[in-house]
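> Sequence:
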Amino acid sequence: KLNLTDLGDTTLKDWYLAAGGGCVAVPMLATIIANITLLVKVCNIRRQLGYALPNRGAIVTILWVCLAFFISYTPQFTDWVIEALGGVVPPWGILFLTYCLAINVVSNPVIYVLSNRRFKTFVYEMLRNGMSAATAATAIAND
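FYI, the numbering for the sequence shown is 133 to 275, going by this note's numbering.
Keep in mind that the hints were calculated from the coordinates and are not lab data.
Don't be surprised by glycine CBs; every beta carbon is placed ideally from N, CA and C.
Be careful, since some hints might not be right.
[Unchecked claim] Label pairs and their computed distance ranges (CB to CB): (1) V242 with C175: 24 to 30 Å; (2) G262 with V174: 34 to 40 Å; (3) V172 with T206: 30 to 36 Å; (4) F251 with V174: 15 to 21 Å; (5) L227 with R178: 24 to 30 Å; (6) V255 with V172: 19 to 25 Å; (7) G182 with V237: 26 to 32 Å; (8) V255 with I165: 28 to 34 Å.
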């Protein structure tokens, strides 16, 4: 990692904070805002057309995905801010950061298995029969 105390130039420190923090914060916030905006728009359109609102499970799933995304990337953003301000992240902080990023990789399949019956069946069949994802998807589609 770049040691900011060696930079000495505030403009480089500012650039490091803006670039590093922006690379994490902007996609994180954009993803969360886009998901919530889409959810609100879908609810409004369905209400205007006289349809029932999306089921509670779909709303909860989207909110869980947003929460997992926020939890997994907030430590990365915090790391950038600490380093940009001249601080040093302790080794346990780097380890924590690594585990939090892994949460994002693991959380989405877990959330979908817990909230979507078809996806749960797909994963179960794939694990039980040892078949490829394509074979399992075809088997479930034919049911």
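> Determine which of the earlier numbered hints do not hold for this structure and return their numbers in increasing order.
The structure breaks hints 3, 5, 6 and 7; every other hint is satisfied.
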